[in-house]
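Residue-level listing of the chains:
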Amino acid sequence: MWKKTDKWKPGRLGTASAGFGVQDSDSGTTGFAKKQFAHREKLASDLAERIGVAVPKVVLDHVDGGADLQAISQAHGKESIDLTLLRDRLADRFNSPEVKDAIKQASGLLPFHAWVATQDLKDEHLVVATDRAGAYTIAAIDFAYSLDLPPPDGGPVQLPTGPPTLAANVDKNIVEATVQKIESVTDDDIHAIVQALPAELADDNEKVRLANGLIGRRAKIRAVMQSQGWMP
Amino acid sequence: MKSTARIMWAGIEFQPDLQNPRKPVRLGVLSLTSSGDGVLLGRQPILHNKPPEFNDVSSVSLELAANWIDSMWKDILEANKENAFNRLNERWRWNLYVRPIRVTNAAEEGDLLTLAKQTYERFVGEPFRIPVRRPHRTVHRHRHANVSAHTLPEAWLISEISKRSLPLRLAAGA
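Protein sequence lines correspond, in order, to chains A and B. FYI, the working numbering numbers position 34 of the first sequence as 34, with every residue one higher than the one before it. FYI, the working numbering numbers position 40 of the second sequence as 40, with every residue one higher than the one before it.
One or more of the hints may lead you astray.
[Stated by the list, open to error] Keeping only pairs whose Cα atoms sit at most 27 Å apart, straight-line, the calculated DSSO-like set for lysine-lysine is: (1) A/K7 - B/K23; (2) B/K74 - A/K122; (3) B/K23 - A/K57.
Source of the hints: derived by calculation from the structure; they are not laboratory data. Model, not experiment: these values are computed from the prediction.
Please build the complete structure, drawing on both the sequences and the hints.
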């Protein structure tokens, strides 16, 4: 059961989608719970897992037995920090080879953002896990403003305008590999992932819109990545 | 530093493990008034002689914790007309974070720096003591002092920053 925790209690943001720290009483792990757009957070996490890009695992659950389902984003690593704070306050670390390498390794997030139409693309939404020396990993967080896919086919795929640090450090081979993985996700896979969303968060019409949008956009990503020179 | 404003208090904590959290390490306190006075004080692990609480912490987290007072103060200054606590909450939300404590009315209280030290003692669990190198008080103080072996733990650097009339804006609830 997920409960508010005293062991990690960062101040709440002054935004509508502000969340709070929670802890699973069974496993002991912490997470960040958000009520708004919970189904988008969950869907983005499940899709990312399907194609092997780093987005922290999201579970949907009630916190402290409350009535609403919340999206609980689990911690990315034992220790983590977002790229903006790292760049602003530990510039030498930000410019270190291990961080630069982790940024390149995260290039697959660019076609993923294109697929799910993430709008809030900023470096604050890239989290570096630093607990394994020399093997840092970067994950994307906050998909509250994504998956707003217009019917019937998800609309045109736009080039992601960010996060800026990712867009400036592209590993083309990783982008290509990720595009291939997205293209290999079958219609059935997409329907299954979308259908797993609880009805209280996404009704049948919403699920149809999401599934058709993801299916429709799946084959449009390659051309956008190529036109930007982000593929070999 | 007398003030008649509302004071917002926050504690600074470090959670060494977000996946299997343990009791957070309490580092310091922040107080900001709606009239623009501010005090930030606390303890920072010393890189070459870190306290046991930081034994299994990565070098990145340790370095961030070793400089959190200056780093956080920069964020307060850079907030300018933004809500200072919102800015801090946006940026410091990982292992090292700002934890709201309370809001008080300054009219019923006294000197902000003295109050901050009392709050530190309650929050961290040890008195705030800094070896005084410059005994005169100034409006803007920024002091660092390496701890002395006989009065303070050797693994911590104790620091304080206080300033009046910051261009701050504060929310009703931090």
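Evaluated hints:
no.: 1; hint: A/K7 - B/K23; verdict: 6 Å, holds
no.: 2; hint: B/K74 - A/K122; verdict: 21 Å, holds
no.: 3; hint: B/K23 - A/K57; verdict: 24 Å, holds
Violated hints are absent here; each numbered hint is respected by the structure.
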